[in-house]
Amino acid sequence: MKFTFRVSPNYRDSISTGRIMRELTIGLLVIYAFALYYYFTSYGTSYGIHALLLMVTSLSVAFATEIAWALFLKKDLRSFLKGSYPWVTAIILTLMVPITMTYYALGIGTLFALLFGKLLFGGFGQNIFNPAAVGRAIILASFAGAAAADITTSATPTTAMEQVGWMITKPELATKFLAQFGGLGNLLVGFYPGSLGETSKILILVVGVVLALRHVLDWKVPAIYIGSVFVFASMIAVIKGMGAWYPIFHLATGGLMFGAFFMATDPVTNPTSASGRVIFALGCAILTVLIRVKANLPEGVLYAILIMNMLTPMIERLTEGWQIKLAKKYTIAFVSLFLVGSLSIGATTFAMSYKAPAEEAKPTVTLGVPVLIFGDDTALSPAEVTSSVAEGDVVTITVSSKGYAMLESEYDENPKPNILIVKIDTVKKTIVSVAFSEFHDTKNIGDKTNSTTYLDQFTGLSITDPTASVDTVTGATFSSVSVARAVRAAIDSVVGK
Amino acid sequence: MPLWIGPMRKHINGQKELTHHNEIIRIDAGKYVYIPLMNGFSTNIEVLVSEGDHVKVGTLVAKRNDNLIVPMFSSVSGVVTGKQTMMHAILKPIEHLVIENDGKYEFEQSFAPIDYKKASREELVDFMMNAGIVGCGGAGFPSYIKYKNPTGIHTLIINAVECEPYITADFRHIELSMDDLILGTKAMLKMSNAKKALIAIKSNKKELIVKLKTALAGSPEIQVAEVPDVYPMGWERTLVFELTKKRYDRLPSEVGVVCNNATTAIAFAEALRLGKPLVEKIITISGDGIKNPANVSVPVGVKTSEIVEKLGGYTADEVLVIAGGPMMGKTIPNDSFVVTPYGNAVTILKTQKINDVACLRCGRCNDTCPAGLLPVRINNAEKANDIETLEKLRSDQCIECGLCSYVCPSKLDVTEGVRRAKRLMQLRAKK
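Line by line, the protein sequences are chains A and B. Counting in the numbering used here, the first sequence runs from 1 upward without gaps. Counting in the numbering used here, the second sequence runs from 1 upward without gaps.
Please keep in mind that the hints were generated in silico from the structure rather than gathered at the bench. Here a beta-carbon is modelled for each residue, glycine too, at the ideal position from N, C-alpha and C. Worth double-checking, as some hints may not be accurate.
Here are the simulated DMTMM-like cross-link-like pairs (lysine to aspartate or glutamate), alpha carbons at most 25 Å apart as the crow flies [to be verified]:
hint, chain 1, residue 1, chain 2, residue 2
1, B, Lys-303, B, Glu-95
2, B, Lys-10, A, Asp-13
3, A, Lys-2, B, Asp-413
4, B, Lys-83, B, Glu-108
5, B, Lys-392, A, Glu-320
6, B, Lys-246, A, Glu-320
7, B, Lys-392, A, Glu-316
8, B, Lys-353, A, Asp-13
One side of the interface only, derived from the structure: several residues of chain B facing chain A at Cβ under 7 Å [to be verified]:
hint, residue
9, Leu-320
10, Cys-359
11, Leu-360
12, Arg-394
Based on the sequences and whatever the hints tell you, model everything.
Right, dumping it as structure tokens:
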């Protein structure tokens, strides 16, 4: 018979850190499943697979980093990984990046998140900053261009809002603005491209509430965070005379919901006392709103959480003591912070104004060297006439002409010819008009030829004059010549060679 | 302020079904009984009998004689054979008075019974002192002190909460002795000068509440107060706050309340009626480490090993024997400690390995600490030997209820860290 000695209590709750992390993982995967469904169904298999591989990349890098670290420190691999939870960071980070993210940037972000965000601080439980937030900040700062030009190059709701100065007072403009994202309703449901896991606010809310009820995360943090953002945004709306859509827009866009439920609640990096967490959440809310409406960043959640992570030790000191005796102190701290927040946000509203979205600037076109329509330049790589329709005196000819992209450039993997429509009056023997129907040449350079300044030169030119010439667009000679080539081909098709 | 501070309590699985409805088994004393010569933390006990003296059940054998007076009585009839130092339920070796049991259980009235209705308040307080009535909730604090100068007391709280897991002894005792509970409560009410008494019972004990309410039909001054099934609802501060919404600094009398345990009231009633002190206890022997968990009625001074044997022995080769419930009870590295007047359970659990991981700073301990302390901060300050912070964190206010370790998802011994902090502060204070 052996009597074991163990210090009391000898009775433990069934909840464990392992279970908390397991349930959090399941919650995050539910959100990820929604993202996969959206990209597979709305953008097709290749995007869906990209979303899948992004997760695989991040998870692989996360595990590789931790395994290397464990081997480096000569720790038992199994128990180290079991108590370090690298996959949680990887999943959160992947859910924060857009579908256009490159594997390379996400991989580097994951490496930094775990190595510099967590392991170097001493591992799980010792890190100051939320590791996933560190990774996202690294990607934002170092790989701004890592998002390839793609479907989501159309502005996200927060970027679009940033461009108008986070303020739209005219109701009709607001409606028009929201309509481009399918309205507030769609912003809440989440069927629009954005960060993989951040779009569906409703799903995040449902998963978050379930996890809060299961004591995986503390409900106070998201409640105070989201609630305070709503209050501050309402304040701006009232001051500036905007409708109820405005505070809802603040909740329905960006990373607020995701950040409030899954990053601000990270127990390792927020204060340990209830009062501390409440103050932490309020601080996050103030910074989020301030960064959104005033800083040169479209979204404030990430930096708000990182800054508050940094202030956590201070909040801990502030709330230290015998809790039941400090209710008054806690109240004063919370109310003061709320007032400071309200005042600073109220003050910034004076500096807020609606910025009308800038009209797209037209490239200035200057004309230079002339090109002979029937000269040597147009003889090379002749254009092809694809159709010809006569209507009275005027023949409309469609011509496919190889432009700069096809002849010289390596910038495009699949270069296509430009398609032009040339109209010729066969009786007067003159050119009526030249226009592009499809333009595939270099942006910002070749497209200068797609302007009336250049194309109008052709109007009225005689098709029988062998010396007929137009001036090429400076800096876009190849494209200009390709147009002349198309015109030559058109003329040839009418008069016969 | 639920936003600034956590709930300061938690529902925990009570495991009460193991012994809730079992019959109470009467267990006779073996050849010897051992009366612990200790009360509270005082071992300043005067032994009033000598070796070879013949004693009966109820014979006064010893008395605590310092600032407090607590008489102690023999629980069997037989012959005093001397003193022996043994492990006690507080995990310290102390002296016990050894009495050889003749098995006859001859009884002599330790004192004359009195009618509480006729006796004056002061007479009742003296009676309580001489009857050796101590708090049966575990502390063993002499009850008469609470009634000596009851100024401004408006409510007497009878604590029938029994919030420790596994323990059902109080519950069964109340079921059996409802009339004594009411009699004791009425006498205490008179002693306290309070206007009303509240019997606090967990709201999930529906049947008992109905029975008690029926029994209390003619006593409007006594009410049943249902309290939630959370731990540590039976702690005086938690209970007083639940019932009055007031917090006090040192004693509940500051907010006009006096508290006593339900089994203390029953013991007091038995003393009043029969002139019989507390020499026999109903205690719960439960847990997954004992073959037949049960409530047993057993004389004070009987060794745990004897009780375990009668209940079919242990279920495993390695067990934890805990004097009390698994939350606050101390693990005793043997099973020869004895039943005391103030103990109410022995919990026997199979030894299980606890795998701890790093603290994730979740703050569950801070949110549930019933004393409103910050256990994780205390642990960190203790590791850093930071006395100044420990003082600020009021580690001295910890009652070691064990809830911080219970809720810890990383399975750390948080309570033990706070204990170390308390010791560190005590050492520093002595210097």
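* To do: Tell me, in ascending order, the numbers of any earlier hints that this structure violates.
  => Violated: none.
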